[in-house]
Amino acid sequence: MDDTAFIAALQLTDSFFPSGAVTLSHGLETFLSDQSTAIDLSQLLHDYLERKIAPCDLVAYAHAYQAAAEGDVERLHQIDRYLNVSLLPQELRQGSVRSGRGTLETLRRIVEEPLFQTFLAGVDAGKSGGHLPICLAILHSIWRIPQHRGGCMLLYAFMVNFLSAAIRLGHLGHRQAQGLLIHFRPQLMPLVEQALESQLEEIGSFVPLADIRAMQHAHLSVRLFSS
Amino acid sequence: MTDYAEVPRLGIGGPVGSGKTALIEQVVPYLQRQGRQVAVITNDILTQEDAQRLRNRGFLSPERIVGVETGACPHTVIREDPTMNLEAVRQLEEQFPALDLIILESGGDNLASTYSPELADAFVFVIDVAGGDDIPRKRGLGVTRSDLLIINKVDLAPYVGANIEAMTQDAHHARGTRPVLLTNCKTGLGIQDVGEWIERELLFV
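These protein sequence lines map, in sequence, to chains A and B.
Heads up: the first sequence begins at 1 in our numbering, then just goes up one per residue.
Heads up: the second sequence begins at 1001 in our numbering, then just goes up one per residue.
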């Protein structure tokens, strides 16, 4: 990865980048609102990464990156729609689209590359929703961030978002969060490599309790987060 | 590019309990009486709380009131990362092409909160006499940078020992030529002035 691509990677992964992720808890708010159940946050994060983000979002990302590298916009929309039907809880689906759409809107008047603008026009026209992994794949490809590094960025950004939500929900200290980020470091690349080898048809997640919690979130009477 | 026109957007910020929702309850009916079509986006901890309160008032149809969660960061979603609010704006613009104004209500926040200029065309900061008459002297960004400063609950001044004249004077001193208005959002005192300011500054009447 050249230096310019590295700086682009920093910009996209930094929580300073406005993607709306600050409002998402991925169902964590529901988990933590049920005080009758003890939550092992490290185990929960592990399950999310291994059984949800990697086999679902990351597989869609990998195929979208390939499609972006080939300049195949129709394929990007197809993968986007595929991811859409793979995310069962409504709020997770909406959160993924809003983040992706927000990323596109942030860069609408800044990024002029034809691939980005053509995909954006397609989203405007309703061809697909604009899920975050697809939008990031396009940007990573345009800005020459290697696919495996981009996949790692996607997992890392999820971890930061998840742990940050846990801190704001009062369930985790800032030092514990940094400890978990270090703990999970060696686990990321194997997940990325596995996702890069998966077929699009294999996309899917299996975290039934997390999905149920994410569905229940819509009915919480007190909500800080949109998912 | 999208083909809808951008609707003017007014941000309303201020500390917890200063009267932001009460202001909306008064000023939206005023604007409607002038023939204006308005929609409201609320940001609050209890995301449905303010939205529900406004819906219960009945002056706006439920689909014109949207709640956006803040992830425990009310200032972040109106300043550093207004993505989800902008998404709500985009959806309202698509759904109601004839809108004249979108009001964005922040969750109660500190005196330093401001709106991103890319989210709101102008923003109003609401403080109240019961919050302490020294607030204008603290010169938080909400007080110094807002396009309009409202001092609400003026009727309570005698009961909380607040000096409204000094408060107003301090506010003018902190804000230079930027306007300051006094209101009582329970009775409607001062609401016409606020409504006229909105029409003049945002709707160019």
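Possibly wrong hints are sitting among the right ones.
Unchecked claim - Stretches of chain A that chain B covers, calculated by requiring three or more beta carbons in the stretch to come under 8 Å of a beta carbon on chain B:
id: 1; segment: 23–35
id: 2; segment: 161–172
id: 3; segment: 218–227
No lab work stands behind these hints, which were simulated from the structure alone.
Here a beta-carbon is modelled for each residue, glycine too, at the ideal position from N, C-alpha and C.
Status of each hint after checking the structure:
1. 23–35: With 3 residues in contact (Cβ-Cβ under 8 Å with chain B), the coverage given for the segment 23–35 of chain A holds.
2. 161–172: Check passed, 3 qualifying residues.
3. 218–227: holds (count 6)
The structure shown violates none of the earlier numbered hints.
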